[in-house]
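Input sequences plus hints: build the corresponding full structure.
Number of protein chains: 4
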Amino acid sequence: MIVVMKPHATEEMVQAMVKRVEEMGLKAHVIVGEERTVIAAAGIKRDSHQEELESCAEVEKVVPIVAAYKVASKETKPEPTVVKIRDLTIGGSHVGVIAGPCSVESEEQILQVAHQVKAAGATGLRGGAFKPRTSPYSFQGMKEEGLKLLALAREETGLAVVTEVMTPHHVDLLCQYADVLQIGARNMQNYHLLQAVGETRLPVLLKRGPAASIEEFLLAAEYILDQGNQQVILCERGIRTFETHTRFTLPLATVPYLHERTHLPVVIDPSHGTGVASLVPPMCAAAIAAGCDGLILEVHPDPSRAMSDGAQSLTPEVFAQTMETCRKVAAAVGKELG
Amino acid sequence: MIVVMKPHATEEMVQAMVKRVEEMGLKAHVIVGEERTVIAAAGIKRDSHQEELESCAEVEKVVPIVAAYKVASKETKPEPTVVKIRDLTIGGSHVGVIAGPCSVESEEQILQVAHQVKAAGATGLRGGAFKPRTSPYSFQGMKEEGLKLLALAREETGLAVVTEVMTPHHVDLLCQYADVLQIGARNMQNYHLLQAVGETRLPVLLKRGPAASIEEFLLAAEYILDQGNQQVILCERGIRTFETHTRFTLPLATVPYLHERTHLPVVIDPSHGTGVASLVPPMCAAAIAAGCDGLILEVHPDPSRAMSDGAQSLTPEVFAQTMETCRKVAAAVGKELG
Amino acid sequence: MIVVMKPHATEEMVQAMVKRVEEMGLKAHVIVGEERTVIAAAGIKRDSHQEELESCAEVEKVVPIVAAYKVASKETKPEPTVVKIRDLTIGGSHVGVIAGPCSVESEEQILQVAHQVKAAGATGLRGGAFKPRTSPYSFQGMKEEGLKLLALAREETGLAVVTEVMTPHHVDLLCQYADVLQIGARNMQNYHLLQAVGETRLPVLLKRGPAASIEEFLLAAEYILDQGNQQVILCERGIRTFETHTRFTLPLATVPYLHERTHLPVVIDPSHGTGVASLVPPMCAAAIAAGCDGLILEVHPDPSRAMSDGAQSLTPEVFAQTMETCRKVAAAVGKELG
Amino acid sequence: MIVVMKPHATEEMVQAMVKRVEEMGLKAHVIVGEERTVIAAAGIKRDSHQEELESCAEVEKVVPIVAAYKVASKETKPEPTVVKIRDLTIGGSHVGVIAGPCSVESEEQILQVAHQVKAAGATGLRGGAFKPRTSPYSFQGMKEEGLKLLALAREETGLAVVTEVMTPHHVDLLCQYADVLQIGARNMQNYHLLQAVGETRLPVLLKRGPAASIEEFLLAAEYILDQGNQQVILCERGIRTFETHTRFTLPLATVPYLHERTHLPVVIDPSHGTGVASLVPPMCAAAIAAGCDGLILEVHPDPSRAMSDGAQSLTPEVFAQTMETCRKVAAAVGKELG
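Residue numbers (my numbering), protein chains in the order written: chain A, 22 to 359; chain B, 22 to 359; chain C, 22 to 359; chain D, 22 to 359.
Simulated from the structure, these hints should not be mistaken for laboratory data. Computed from a prediction, not measured in an experiment: that's the story for all the values here. It is possible that part of the hints are untrue.
If several chains are the same, the list does not tell them apart, and a pair holds so long as it fits within one copy or across any two.
[Unchecked claim] Below are the DSS-like pairs computed for lysine-lysine, each with C-alpha atoms no more than 27 Å apart in a straight line: (1) K48 to K27; (2) K82 to K48; (3) K95 to K48; (4) K356 to K105; (5) K82 to K98; (6) K139 to K169; (7) K27 to K98; (8) K27 to K82; (9) K27 to K91; (10) K95 to K356; (11) K48 to K91.
In structure tokens, the structure reads:
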């Protein structure tokens, strides 16, 4: 941590700050420059001393040197984490594909689409039973009935079921049906929920919040890891920017950046990341070329009749074509799809 | 709702869309322009037909005409909602001031600061007992012990207690101690939590998420209102933008904009909205000049020793001076402070 | 400048970096921490060494300690700069008000509005003769004819004329008619233009670009100051964010933040900052409460017939009421309007 | 254009608006809904009536139906524009690669890197002679001397020279040396410059401004096209968002989105789009997978000694490896590199 003193800080103020830093168990090095004095505080501390020091009147700014996350860090575990459940492999040289409708709507719908996505190469099935919706007047999902239909689809196809959990109270229920628990973007910093899924031993797919920095994202993962659950899949699904032609802005540089910092696998959600079905296939190819470990995609037998997210859902036909291109792109960057 | 067809949509496609719109219980008006055909769909519908229609291949875009929120809308209730609890009045010509530390840290700390902020003109006391923290390694609050200290401070000062609830499971507990339940920015779209506080009859202070649009913010309020709890206070606490010299960007135009659209009162949080103590006093004055119905502020007896958010906390002395200026600004815009 | 080495940088790499830093004329202090080695490079250097060092493979990041701007800095000149021209005073305890139409449209229009804004308390007159327009098909201004009309309005009213210059080639022409040269937001980093106005001795009103950081803004001012023109007025007119209910987001915390860092005066443009006429009056009051040194506002005799920016222009009546409130708010914060 | 009236607009107000719309040469259709009346205004008009109508007190909002750009639109010219100059082909099934240093620094540097990038597969050479720099104290380029060196490098290698023009006054000079004129992101809305390059017959590479919407970007292209220069290459180089781990955020969905709307070719600049050399290679592959028509990249013989942008420059070795991967990815999506 580097503490930058204000321009006219006196020697006395500097000494008081040195004392303060040492009280925190850190070692202080004073460097007197021509315009500023800075104090380098060395030692391993990952808690909130930064805020304390920044609140001192004579301090101009405090610059952290070490990232605040620890278990998620590649420095802690250099080799990549690979999540495997049923035929779904995320990480290493495998690009896993999780596909399915935004919401489970009926037995017919989910079974049909499960068979279709499996035929095209998916190894995971997505489908919402508990749906977080912006408006209280929108369809909120089929709830437990939806979970049962997902389990039925798994039985018929062998696909691993990925579905969202919205509140700690539902975690036990979801564990009975799901293979992977999804934490939605709106809940990325719902810490009680993160701790609750951290206590299970199911893999967790954690979506990045649309305003979360990468550090906040990894610290959210850290809440799960800290409970002993090591199987966290990070999912970039777009951030909120000034752009309006896409629902969110999908920053694919997140993929190599995360790979430099964490051992956790990274999947991309081009459906939410663009919000526009016609942009999804090229962004699937781009995500794989950028090195992602998996895709999560919305596919619906008839998007124009979908109860949610129709505008960003692929038809099964377009999904199948997209998988074909993706397979070639994966090979071009030395990976294997599915 | 206006459905804009793609440039080369055939007459047949237009008729199919008209039929679709009518099946939804809406009345369709076709307008053939020189470059596009548009279908105006009239009728009151606040659910997600927009998405369904946007997912049709021949539709270019769908433009909603009516806002998706209803109970929060000024069209539903033109007169402003005033929330009153103990001496705290938010709304109408009153600017309520809620002040106190980020976290309750000890009996001495909370009692001292409660007396200080009351003396300077606050009528509400803020203080976190359950703290949402970005890092799992940061101080997480004194929990129920903290709630008891807040209640004690209320007993001594008469200040209304405003404190955050993080998970539905805690709502009952919080109701025993709090006068106003706060929903933090990270939980603005935690729908189970919104419904749970909607079922209580305590006023709810709902913070805007840093990436939430105004419509999403009002729809989150709608989740609470929809459960029958009419006492919702909207709190703008800054949005995430590219600016880095402040923690968030505090867009004060939100105040008059919300006043044009909703009857709910609007308070401003300049502490989180800037993250820098020296910027808080001018932004308090500015918020009042912009017409806000209240302020929520962090005040700590010794910010440099605060266990959280020290960098943005005012000392009691600066808080008292700030209140003096704010009183004059309130008078200048025809309002009364406290 | 603090150079943070990568976690596994060897002693040899550190020594190479020390040598590099010393070659730049800086003094290097090595601090060996438990997880990282950092090198503090002391000395006054404001050029681009940061980039050079960041490009070294063994460097994790480089943190600048001293701001890159110099002449604009309050450390260079602690007392505030006050710009005075005719009756227009910007800075110190004076809040100057510059008002007028987006574009000069006719003799009748500009004379009428000039008299109206003067009567209500403005001391500067704005009006575009050369208009930067997003679309090549929009009205581009009356050009020199417009400048003549502005000069005529000045003759009749005594108001100082503020008008935009778009290209270096026009600077001489503008100098014949204008009292203050305005650099529009789109041209904030048009360096040839900045240098050209820096060579004149007219005050320059420099608008912040909608994506410019504060440092980039002050460095743009530095281009003007560096040519010897000391009369630069900084203008915050809103940044681009994800918000869509306002044209831009107006971050008023810019005012006190700039006042802490620079001696240059700061004016606010709530017309462009919101884009919505009904939001302009409260934001004028808020800007003054935040401590700004001036306002620049769009006022049009008949906004619904304006050739540009009608949606954000005030009528003369609303402008007069706004000035009344602003006068009271200015008094509340110890300033004087006009 | 759809004009949405305020909720309580009277029949008389609606009729006045209809008259207004008809005066503009548009045909008005009134649709009376349960909560709002809307007026659909049909006809081809691309100028600023939207603003005029929005400024009417009784209008809630105006929704444009047709995009404001025209010559750039795919509706005007459905077949893609292919720009060819020397061996550089941008558009169609060709992915052109323009590589070279940020700045021309010396004869040795530019000749060395020109041979290296050519050997690896580039067909265009980039290099700045006139450099827009954020700080007036940074290196501003070798100016005409730099242009001469670029021409020399072209003579030796046959690579097409792409270099930036910063002000209208330099256009003639640049035309003597360059094959493609580059307009930098800071100048995207420098309309005099756009018109000046529009009057030449050299291809123009237009960079998107970091806060520009897609519509503003295409309207900037329209300024060039409108002067009769049809060879415009659009370049996405990243937008400004809240992300700080990359210099800008590179939104690759721009590629397919632009291809749906315009016939102009789209190139990607992953060097500025990320600002971090290690992220450039995966983003090159991703850009090609997303369907771009070209890349523009910074390559420097010794990035750690570069006079500008070293942190984002590739070494010639990494560039060569990147080209190899890119060739395979291009083949996977049915394109050819170089």
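Give me the numbers of the hints this structure contradicts, sorted from smallest to largest. Failing hints: none at all.
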